[in-house]
Amino acid sequence: MDFIKKFENKVKTTIKEHNLLTKKDKILVACSGGKDSTTILYLLNKLGYHVEGLIIDLLIGSWSKENLKNVEKFCKKNKIKLHTINIREEFGYSICYIRSGIQSKVKLNNCTICGVIKRYLLNKKSRELKATKLVTGHNLDDEAENLLMNQFKGNPKLSINLGPTTGTLKDKRFVKRTKPLYFCTNKEVKQYSKLKNFPVLYKPCPCAVGVFRKEMKDILIELEKHNPNIKLNLVNNFLTLLPSLKEKYKDKTKLRYCDNCQEPSRNKICKACSLIRILAV
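If you read the sequence shown in this note's numbering, its first letter stands for residue 1, the second for the next number, and so on.
Any given hint could turn out to be false.
[Said to hold, decoys possible] No more than 25 angstroms apart at the CA atoms, straight line, and that leaves these computed lysine-lysine pairs for DSS-like:
#, residue 1, residue 2
1, Lys69, Lys157
2, Lys46, Lys12
3, Lys16, Lys69
4, Lys23, Lys10
5, Lys172, Lys250
6, Lys170, Lys254
7, Lys254, Lys271
8, Lys118, Lys172
9, Lys73, Lys196
10, Lys23, Lys172
11, Lys46, Lys125
12, Lys76, Lys118
13, Lys76, Lys46
14, Lys271, Lys105
15, Lys81, Lys194
16, Lys118, Lys153
17, Lys190, Lys69
18, Lys196, Lys12
19, Lys125, Lys105
20, Lys69, Lys10
21, Lys77, Lys194
22, Lys10, Lys190
23, Lys203, Lys217
24, Lys170, Lys130
25, Lys65, Lys190
26, Lys187, Lys16
27, Lys12, Lys24
28, Lys248, Lys157
29, Lys12, Lys77
30, Lys81, Lys124
31, Lys271, Lys250
32, Lys196, Lys10
33, Lys246, Lys153
34, Lys79, Lys23
35, Lys65, Lys176
[To be verified] Label pairs and their computed distance ranges (CB to CB):
#, residue 1, residue 2, range
36, Pro156, Arg277, 29 to 35 angstroms
37, Ser104, Thr13, 28 to 34 angstroms
38, Asn267, Lys172, 16 to 22 angstroms
39, Lys46, Lys254, 41 to 47 angstroms
Hints were generated in silico from the structure; no laboratory data involved.
Yeah, the Cβ is synthetic: ideal placement off N, Cα and C, and Gly gets one too.
Based on the sequences and whatever the hints tell you, model everything.
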């Protein structure tokens, strides 16, 4: 079996075995312009799912412009509807302005700030567009790195939100998120993307400077020299433990709605609004 067929079958098997999607779902793919989200957007469209793209224009200079241009070109060629969120229209500022303003007052890294803002916007817009599933391009490497990070932090509770389907809190305002590339390695996704000649950037976000994640990545690379299946073994072992982890750390916090924006939150003010309030002080 050739690589492309084998890769596509792996994704189809993941979707089926973990009940990630159905043909009745209205699916939005969180697009970034990178290889992972472009690959899964292409595949779900090819497999006949009702799929549309959703991209957040973070306004990170030429990097954002090129990614947006690539996604628009890809969606036009494949006749996929694309929705664009402009961060300035939502929050009044670019992500760089938001980040630097917050970091001048509190100690938070780039990816933490951006992650909160992106998750907030993706869920909100997916719900407004009446999507039943939100698909992300997270792959096996991402998951293995996240697991190691949580272990080294000494907080296994953080891992209950991992897995092929994410999130533990149920609410009508949360759109269910899934990861069909869950068992595909970064190397496999890159190879598939290049073979398909997708118009994508193969370079990371210029604001991504997390040292901790890179250390986890380096550890996995070193371990992989001795055991080529180390990432898969790590993730499969985690999946056997996940049900008991969810039971042990079951969130008894009553879900409420943010006093400011009415989005679901554990607190009076959601994380996104809390960050913007720090910026405004």
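For each hint, the structure was consulted:
1. Lys69 <-> Lys157: The given pair, whose Cα atoms are some 39 angstroms apart, is violated under the 25 angstroms limit.
2. Lys46 <-> Lys12: holds (11 angstroms)
3. Lys16 <-> Lys69: violated (33 angstroms)
4. Lys23 <-> Lys10: It holds: about 18 angstroms lies between the C-alpha atoms, which stays within 25 angstroms.
5. Lys172 <-> Lys250: holds (19 angstroms)
6. Lys170 <-> Lys254: holds (11 angstroms)
7. Lys254 <-> Lys271: At roughly 16 angstroms apart (the allowed maximum being 25 angstroms), Lys271 and Lys254 satisfy the hint.
8. Lys118 <-> Lys172: holds (19 angstroms)
9. Lys73 <-> Lys196: holds (14 angstroms)
10. Lys23 <-> Lys172: holds (21 angstroms)
11. Lys46 <-> Lys125: Distance of about 24 angstroms is within 25 angstroms: holds.
12. Lys76 <-> Lys118: Judged against 25 angstroms, a Cα distance of about 24 angstroms means the pair holds.
13. Lys76 <-> Lys46: Distance ~14 angstroms between Lys76 and Lys46 Cα, so the pair holds.
14. Lys271 <-> Lys105: holds (16 angstroms)
15. Lys81 <-> Lys194: holds (23 angstroms)
16. Lys118 <-> Lys153: holds (23 angstroms)
17. Lys190 <-> Lys69: holds (20 angstroms)
18. Lys196 <-> Lys12: holds (18 angstroms)
19. Lys125 <-> Lys105: Roughly 29 angstroms between the alpha carbons, so the hint for Lys125 and Lys105 is violated.
20. Lys69 <-> Lys10: Between Lys69 and Lys10 the Cα gap is close to 29 angstroms, so the pair fails against 25 angstroms, i.e. violated.
21. Lys77 <-> Lys194: holds (17 angstroms)
22. Lys10 <-> Lys190: holds (15 angstroms)
23. Lys203 <-> Lys217: holds (16 angstroms)
24. Lys170 <-> Lys130: Within the cut-off at roughly 17 angstroms; holds.
25. Lys65 <-> Lys190: holds (21 angstroms)
26. Lys187 <-> Lys16: With a Cα-Cα distance of about 23 angstroms, the restraint between Lys187 and Lys16 holds, given a limit of 25 angstroms.
27. Lys12 <-> Lys24: Holds - the C-alpha atoms of Lys24 and Lys12 are around 16 angstroms apart, at most 25 angstroms.
28. Lys248 <-> Lys157: Holds, at about 9 angstroms.
29. Lys12 <-> Lys77: Answer holds: Lys12 to Lys77 is near 23 angstroms, not above 25 angstroms.
30. Lys81 <-> Lys124: holds (18 angstroms)
31. Lys271 <-> Lys250: holds (20 angstroms)
32. Lys196 <-> Lys10: holds (17 angstroms)
33. Lys246 <-> Lys153: holds (18 angstroms)
34. Lys79 <-> Lys23: Within the cut-off at roughly 18 angstroms; holds.
35. Lys65 <-> Lys176: Violated, because 29 angstroms separates the two Cα atoms, which is more than 25 angstroms.
36. Pro156 <-> Arg277: 29 to 35 angstroms: holds (31 angstroms)
37. Ser104 <-> Thr13: 28 to 34 angstroms: violated (48 angstroms)
38. Asn267 <-> Lys172: 16 to 22 angstroms: At roughly 19 angstroms between Cβ atoms, Lys172 and Asn267 fall inside 16 to 22 angstroms, so the hint holds.
39. Lys46 <-> Lys254: 41 to 47 angstroms: Since Lys46 and Lys254 have Cβ atoms about 42 angstroms apart, the given range 41 to 47 angstroms holds.
In this structure, the hints that do not hold are numbers 1, 3, 19, 20, 35 and 37, in rising order.
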